[in-house]
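Participant: Take a look at the letters that make up each chain.
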Amino acid sequence: MHSFGYRANALLTFAVTILAFICAIASFSDNFSNQTPSAQIQILNINWFQKQPHGNDEVSLTLNITADLQSLFTWNTKQVFAFVAAEYETSKNSLNQVSLWDAIIPKKEHAKFWIQISNKYRFIDQGHNLRGKNFNLTLHWHVMPKTGKMFADKIVMSGYRLPNAYR
Amino acid sequence: MVLLLCCLVGMIVTSALIIWKALMCVTGSESPVVVVLSGSMEPGFKRGDILFLHMSKDPIRAGEIVVFNVDGRDIPIVHRVIKVHERENTGEVDVLTKGDNNYGDDRLLYAEGQLWLHRHHIMGRAVGFLPYVGWVTIIMTEKPIIKYILIGALGLLVITSKD
Numbered sequence: 001m002h003s004f005g006y007r008a009n010a011l012l013t014f015a016v017t018i019l020a021f022i023c024a025i026a027s028f029s030d031n032f033s034n035q036t037p038s039a040q041i042q043i044l045n046i047n048w049f050q051k052q053p054h055g056n057d058e059v060s061l062t063l064n065i066t067a068d069l070q071s072l073f074t075w076n077t078k079q080v081f082a083f084v085a086a087e088y089e090t091s092k093n094s095l096n097q098v099s100l101w102d103a104i105i106p107k108k109e110h111a112k113f114w115i116q117i118s119n120k121y122r123f124i125d126q127g128h129n130l131r132g133k134n135f136n137l138t139l140h141w142h143v144m145p146k147t148g149k150m151f152a153d154k155i156v157m158s159g160y161r162l163p164n165a166y167r
Numbered sequence: 001m002v003l004l005l006c007c008l009v010g011m012i013v014t015s016a017l018i019i020w021k022a023l024m025c026v027t028g029s030e031s032p033v034v035v036v037l038s039g040s041m042e043p044g045f046k047r048g049d050i051l052f053l054h055m056s057k058d059p060i061r062a063g064e065i066v067v068f069n070v071d072g073r074d075i076p077i078v079h080r081v082i083k084v085h086e087r088e089n090t091g092e093v094d095v096l097t098k099g100d101n102n103y104g105d106d107r108l109l110y111a112e113g114q115l116w117l118h119r120h121h122i123m124g125r126a127v128g129f130l131p132y133v134g135w136v137t138i139i140m141t142e143k144p145i146i147k148y149i150l151i152g153a154l155g156l157l158v159i160t161s162k163d
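Order-wise, the sequence lines are chains A and B.
Everything in the first sequence is counted per my numbering, starting at 1 for the first residue and increasing by one.
Everything in the second sequence is counted per my numbering, starting at 1 for the first residue and increasing by one.
Don't take every hint at face value.
Taking lysine-lysine and the DSS-like style, the derived pairs with C-alpha atoms no more than 25 Å apart in a straight line are [claimed, not checked]:
| id | chain 1 | residue 1 | chain 2 | residue 2 |
| --- | --- | --- | --- | --- |
| 1 | A | Lys-51 | A | Lys-120 |
| 2 | A | Lys-78 | A | Lys-120 |
| 3 | A | Lys-149 | B | Lys-21 |
| 4 | B | Lys-57 | B | Lys-21 |
| 5 | A | Lys-107 | A | Lys-149 |
| 6 | A | Lys-146 | B | Lys-46 |
| 7 | A | Lys-149 | A | Lys-78 |
| 8 | B | Lys-57 | A | Lys-92 |
| 9 | B | Lys-46 | B | Lys-143 |
| 10 | A | Lys-78 | B | Lys-143 |
| 11 | B | Lys-46 | A | Lys-108 |
| 12 | A | Lys-149 | B | Lys-143 |
| 13 | B | Lys-46 | B | Lys-147 |
| 14 | B | Lys-46 | A | Lys-107 |
| 15 | A | Lys-51 | A | Lys-78 |
| 16 | A | Lys-149 | A | Lys-108 |
| 17 | A | Lys-120 | A | Lys-108 |
| 18 | A | Lys-120 | A | Lys-133 |
| 19 | A | Lys-107 | A | Lys-146 |
| 20 | A | Lys-78 | A | Lys-107 |
| 21 | A | Lys-146 | A | Lys-78 |
| 22 | A | Lys-112 | A | Lys-149 |
| 23 | B | Lys-57 | A | Lys-149 |
| 24 | A | Lys-78 | A | Lys-112 |
Since the hints were derived computationally from the structure, they do not count as laboratory data.
For reference, chain A alone in the conformation it holds in the complex (with noise of 0.2 Å):
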């Protein structure tokens, strides 16, 4: 009953025991955080607009991208993955979502940026429809905690328009 086996059992089980329960309740700590982000996206340029030999309309953007997400940070966030994407709707696609920009934020003194950049990702769509199109820009971010549940949302942009003629 007392066996050193017994004893190193008990104590290991409640070592674990205490473990699971302290990384429960600091990812249930997330939970209090009040989040204020902000955001803003201009575009600066549009570089040029084509359709592909294969049929696709692909464009290059250049954007301005101003954002404050310091207030996601908590004491159990590991990384934000913050990205821009592209929302656009047409007759074939109810919703087509392209990624336009990302990156990883480690620390909270880097979550308040400014940065100007064409985009990362091609902007391509599923056929030749972006001539005119009407699109929404999106910060979407990914709250990734050093242990427990992620967190993710966004804040969408509306009235970005792609030119009526290729360029």
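With chain A's structure known, arrange chain B on it following the hints.
Facilitator: Same frame as chain A, now just chain B:
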């Protein structure tokens, strides 16, 4: 004595199986827990971390981390969705993924000529995260000797225990 031992071992095995199957029911995913094996999602997920999956009817959206199977590969891959094209009528989706730590998208990992993932490739989306725990299974699969030593020691412990 032997019968009692058999019952004990049987109980342990069946309760583990019950927990696993219950998790399958709750999460709706055929494998509710996966171990990260590669560094393609670093620094978010490292090798040896555990991910909890959930497979709901909700549509797949950009930014979600999904676990998918590619035809002709045994090992599922955990990567982030960067592009989604969802059909108007049928609701079918074309999905493109990329590892956060990889330079390019995943088209090189897909089967030859495959441009998009579809719904049936996707096993689940990652909802929760636990660091390091997966090292236990990595060590056991890569150094089977440790597994046998562990099983042997446990068996010995069960046999030699008095009560």
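Participant: Next, verify each hint and record whether it holds.
Facilitator: Status of each hint after checking the structure:
1. A C-alpha spacing of about 19 Å is found between Lys-51 (chain A) and Lys-120 (chain A), which places the hinted pair at or below 25 Å, so the restraint holds.
2. Between the alpha carbons of Lys-78 (chain A) and Lys-120 (chain A) the distance comes to roughly 24 Å, so the proposed pair stays at or under 25 Å and holds.
3. Taking the CA atoms of Lys-149 (chain A) and Lys-21 (chain B), the gap is about 21 Å. The hint holds against a cut of 25 Å.
4. Of the supplied pair hints, the one linking Lys-57 (chain B) and Lys-21 (chain B) holds, its CA atoms being roughly 19 Å apart against a limit of 25 Å.
5. For the given pair, Lys-107 (chain A) sits about 19 Å from Lys-149 (chain A) by alpha-carbon distance, which is consistent with the 25 Å threshold.
6. As the CA atoms of Lys-146 (chain A) and Lys-46 (chain B) are separated by approximately 11 Å, the hinted pair is consistent with the 25 Å bound.
7. A threshold of 25 Å between alpha carbons decides the hint, and for Lys-149 (chain A) with Lys-78 (chain A) the separation of about 12 Å falls inside it, so the pair holds.
8. Between Lys-57 (chain B) and Lys-92 (chain A) the CA atoms are separated by roughly 22 Å; this keeps the pair inside 25 Å, and the hint holds.
9. Proximity of Lys-46 (chain B) to Lys-143 (chain B) is assessed by CA-CA distance (about 20 Å); at most 25 Å being required, the pair is judged to hold.
10. For the suggested pair Lys-78 (chain A) and Lys-143 (chain B), the alpha carbons sit about 30 Å apart, so the restraint of at most 25 Å is broken.
11. This hinted pair checks out: Lys-46 (chain B) and Lys-108 (chain A) have alpha carbons roughly 21 Å apart, not beyond 25 Å.
12. Restraint check for Lys-149 (chain A) and Lys-143 (chain B): the C-alpha separation of about 31 Å exceeds 25 Å, so the hint is violated.
13. Straight-line distance between C-alpha atoms of Lys-46 (chain B) and Lys-147 (chain B) comes to about 23 Å, which keeps the hinted pair within the 25 Å bound.
14. Distance restraint check for Lys-46 (chain B) and Lys-107 (chain A): the Cα-Cα separation of roughly 18 Å lies within the 25 Å cut-off, and the hinted pair is therefore satisfied.
15. For the hint linking Lys-51 (chain A) to Lys-78 (chain A), the alpha-carbon distance of about 41 Å lies beyond 25 Å, and the restraint is violated.
16. For the suggested pair Lys-149 (chain A) and Lys-108 (chain A), the alpha carbons sit about 19 Å apart, so the restraint of at most 25 Å is met.
17. With a CA separation close to 23 Å, the supplied pair Lys-120 (chain A) and Lys-108 (chain A) stays within the 25 Å bound.
18. Proximity of Lys-120 (chain A) to Lys-133 (chain A) is assessed by CA-CA distance (about 21 Å); at most 25 Å being required, the pair is judged to hold.
19. In summary, the hint linking Lys-107 (chain A) to Lys-146 (chain A) is supported, as the alpha carbons are separated by about 13 Å, within the 25 Å threshold.
20. Annotation: proposed proximity of Lys-78 (chain A) to Lys-107 (chain A) holds, straight-line Cα distance about 8 Å (limit 25 Å).
21. Distance check on the hinted pair: Lys-146 (chain A) and Lys-78 (chain A) sit about 5 Å apart at the alpha-carbon level, within 25 Å; holds.
22. Annotation: proposed proximity of Lys-112 (chain A) to Lys-149 (chain A) holds, straight-line Cα distance about 24 Å (limit 25 Å).
23. Distance restraint check for Lys-57 (chain B) and Lys-149 (chain A): the Cα-Cα separation of roughly 20 Å lies within the 25 Å cut-off, and the hinted pair is therefore satisfied.
24. For the suggested pair Lys-78 (chain A) and Lys-112 (chain A), the alpha carbons sit about 16 Å apart, so the restraint of at most 25 Å is met.
Against the hints set out earlier in the document, violations occur for numbers 10, 12, 15.
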